[in-house]
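*Asks:* Protein chains in written order, with UniProt numbering: chain A, 1 to 240; chain B, 1 to 106; chain C, 1 to 146.
Don't read these hints as lab results, they were simulated from the structure. Heads up, some of the hints might be wrong.
Stated by the list, open to error - So the derived label-pair ranges between C-beta atoms look like this:
no., chain 1, residue 1, chain 2, residue 2, range
1, C, Thr-114, B, Gly-94, 50 to 56 Å
2, A, Gly-146, B, Arg-47, 26 to 32 Å
3, C, Thr-25, A, Gln-31, 33 to 39 Å
4, A, Asn-54, C, Arg-44, 50 to 56 Å
5, B, Arg-101, A, Cys-93, 31 to 37 Å
6, B, Arg-10, A, Gly-81, 49 to 55 Å
7, B, Glu-104, A, Arg-55, 25 to 31 Å
8, C, Asp-50, A, Cys-60, 44 to 50 Å
9, C, Gly-35, A, Arg-55, 42 to 48 Å
10, B, Thr-106, C, Asp-75, 26 to 32 Å
11, B, Arg-14, A, Arg-28, 43 to 49 Å
As the list claims (entries may be wrong) - Simulated coverage check for chain C against chain B, where a stretch passes if three residues somewhere in it have a Cβ under 8 Å from a Cβ of chain B:
no., stretch
12, 52 to 61
13, 83 to 93
14, 108 to 117
Ideal placement from N, C-alpha and C gives every residue a C-beta, glycine not left out.
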Amino acid sequence: MKRLLALLLLALPASAQDRRSGFEDMARETQAMQRDDMQNPGMLWVAEGEDRFNRDCTACHSEASMRGVAARYPAWDEATGAPIDLAGRISACVERHQRVAPPARESQPLLALTAYVAHQSRGLPISRPSDPRLAPALEQGRALYGERRGQLDLSCVQCHDDNAGRRLAGSTIPQAHPTGYPLYRLEWQGVGSLQRRLRGCMTGVRSEPFAYGAAEYVALELFLNDRAAGMLLETPAVRP
Amino acid sequence: MARVLINVPRSARRGDVITIRTLIQHTMETGYRPNAQGDVMPRDIIRRFTCTYDGAVVFSAELSPAIAANPFLSFTTVATSSGTVTMTWEGDNGFAQTETRAIEVT
Amino acid sequence: MIVPTRRLLLAAPALLLMPRQAGATQAAMEEAVRGFTGGAAITRGRVALDISPLVENGNTVPLSVIVDSPMTEADHVRAIAIFNERNPQPHVITAQLGPRAGRAILSTHIRLATSQTLLAVAALSDGSFWSDSAQVVVTLAACIEG
Numbered sequence: 001m002k003r004l005l006a007l008l009l010l011a012l013p014a015s016a017q018d019r020r021s022g023f024e025d026m027a028r029e030t031q032a033m034q035r036d037d038m039q040n041p042g043m044l045w046v047a048e049g050e051d052r053f054n055r056d057c058t059a060c061h062s063e064a065s066m067r068g069v070a071a072r073y074p075a076w077d078e079a080t081g082a083p084i085d086l087a088g089r090i091s092a093c094v095e096r097h098q099r100v101a102p103p104a105r106e107s108q109p110l111l112a113l114t115a116y117v118a119h120q121s122r123g124l125p126i127s128r129p130s131d132p133r134l135a136p137a138l139e140q141g142r143a144l145y146g147e148r149r150g151q152l153d154l155s156c157v158q159c160h161d162d163n164a165g166r167r168l169a170g171s172t173i174p175q176a177h178p179t180g181y182p183l184y185r186l187e188w189q190g191v192g193s194l195q196r197r198l199r200g201c202m203t204g205v206r207s208e209p210f211a212y213g214a215a216e217y218v219a220l221e222l223f224l225n226d227r228a229a230g231m232l233l234e235t236p237a238v239r240p
Numbered sequence: 001m002a003r004v005l006i007n008v009p010r011s012a013r014r015g016d017v018i019t020i021r022t023l024i025q026h027t028m029e030t031g032y033r034p035n036a037q038g039d040v041m042p043r044d045i046i047r048r049f050t051c052t053y054d055g056a057v058v059f060s061a062e063l064s065p066a067i068a069a070n071p072f073l074s075f076t077t078v079a080t081s082s083g084t085v086t087m088t089w090e091g092d093n094g095f096a097q098t099e100t101r102a103i104e105v106t
Numbered sequence: 001m002i003v004p005t006r007r008l009l010l011a012a013p014a015l016l017l018m019p020r021q022a023g024a025t026q027a028a029m030e031e032a033v034r035g036f037t038g039g040a041a042i043t044r045g046r047v048a049l050d051i052s053p054l055v056e057n058g059n060t061v062p063l064s065v066i067v068d069s070p071m072t073e074a075d076h077v078r079a080i081a082i083f084n085e086r087n088p089q090p091h092v093i094t095a096q097l098g099p100r101a102g103r104a105i106l107s108t109h110i111r112l113a114t115s116q117t118l119l120a121v122a123a124l125s126d127g128s129f130w131s132d133s134a135q136v137v138v139t140l141a142a143c144i145e146g
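Kindly generate the complete structure, drawing on both the sequences and the hints.
*Replies:* In structure tokens form, the structure reads like this:
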């Protein structure tokens, strides 16, 4: 048993034992806002998603069947033969089964539905992407994470691994674990997706961001979820 | 209709001080922010909140643009009799929304 | 130690988010307070303004005001108003309440354009006014959408 544990620990990345959610680096007041569903504005999006789900989705899905789903995304999409993230899955589901125009990325209806579905997994651990067909995208995500980009010539690693926990202006640099998406960002004054956050990082280092829904983002999401595997989902998180 | 979350206890004992908490989806556009084109976006806020219970206004508030997006309000009232708690939000561009919650007082 | 710090900070268009207007001044705040009190004297005390002294994002700042009052017909808080010094406008919120509130307490989320002083004033049924103030530092975030 001890040996197995030691092996497991060896298998984890060096930082895995002190991984921390951005939640832990927030001010106590912002933490309290996230914890209290009546003060967490993200719950307004969850409530809207619940209404939409009950109206549009219950012919096929039950609320109970949504528990744990968000913890397993991005996943393999048989129809397109490519990885797909949760918002992409919901959007594709609307298009394929309801036969209506799919909601746009970052639109309120899609954010609301995604927040609602992800909220059903709040408190569950993020699972490690295990489908072997995801391996190439996972590796692409790892490469993107380590690649210097933009006019500032910075990679994700330089901030979120090498300097995580240190301060940049008034903020603590987080370890970049996507535990709470879609989340309510005080800066945005609204709910946004992980892809919006990734775009923010890319424009921050003065690089051309990918288009919403791009394979590169899904690959990055895959890698980040692999890196955060075992951490608990918080959706809807609140972040400064 | 804006999405709202309201917390009013379903039941209370007469004389209890109960807490009412409300959260409503609204941008509370300040009237000071420029859009992507550099033009200042016109103000669009909730200006007034009113809570009536048992035939009387028990709490009301005038809001300025300094109230955060998706306004949160928490206040108290004394449970007097079984009935309806009515909450109304009014604001710019004809914004008006009313929500009710029943409370049983024993 | 963190080489990119300065560059990232400079690159972040944080200053664009600052209000273009100079913001309210202390004089403007005093005028707004006079509008609430009618010029009556304000005594410090009985009011507790609870807000974090260090705010990591000024867009949504939790704030509570509690006034020490029995909240009876004879002796209660009629209104609570909150003012600020350096937002574009000095007024934040005015709440009317009375004996049916049971307690004189108000919580909300406010916006703060920058570090400044906040003032909470309570109007009592006997015509007196009481206050509390708080100094708040709003920190500057580096990585914001531009």
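*Asks:* Against each hint, give a clear statement of whether it holds in the structure.
*Replies:* Consistency of the hints with the structure:
| no. | hint | result |
| --- | --- | --- |
| 1 | C/Thr-114 / B/Gly-94: 50 to 56 Å | violated, 33 Å |
| 2 | A/Gly-146 / B/Arg-47: 26 to 32 Å | violated, 51 Å |
| 3 | C/Thr-25 / A/Gln-31: 33 to 39 Å | holds, 34 Å |
| 4 | A/Asn-54 / C/Arg-44: 50 to 56 Å | holds, 52 Å |
| 5 | B/Arg-101 / A/Cys-93: 31 to 37 Å | holds, 34 Å |
| 6 | B/Arg-10 / A/Gly-81: 49 to 55 Å | holds, 51 Å |
| 7 | B/Glu-104 / A/Arg-55: 25 to 31 Å | holds, 30 Å |
| 8 | C/Asp-50 / A/Cys-60: 44 to 50 Å | holds, 48 Å |
| 9 | C/Gly-35 / A/Arg-55: 42 to 48 Å | holds, 47 Å |
| 10 | B/Thr-106 / C/Asp-75: 26 to 32 Å | holds, 28 Å |
| 11 | B/Arg-14 / A/Arg-28: 43 to 49 Å | violated, 36 Å |
| 12 | 52 to 61 | holds (count 3) |
| 13 | 83 to 93 | holds (count 7) |
| 14 | 108 to 117 | holds (count 5) |
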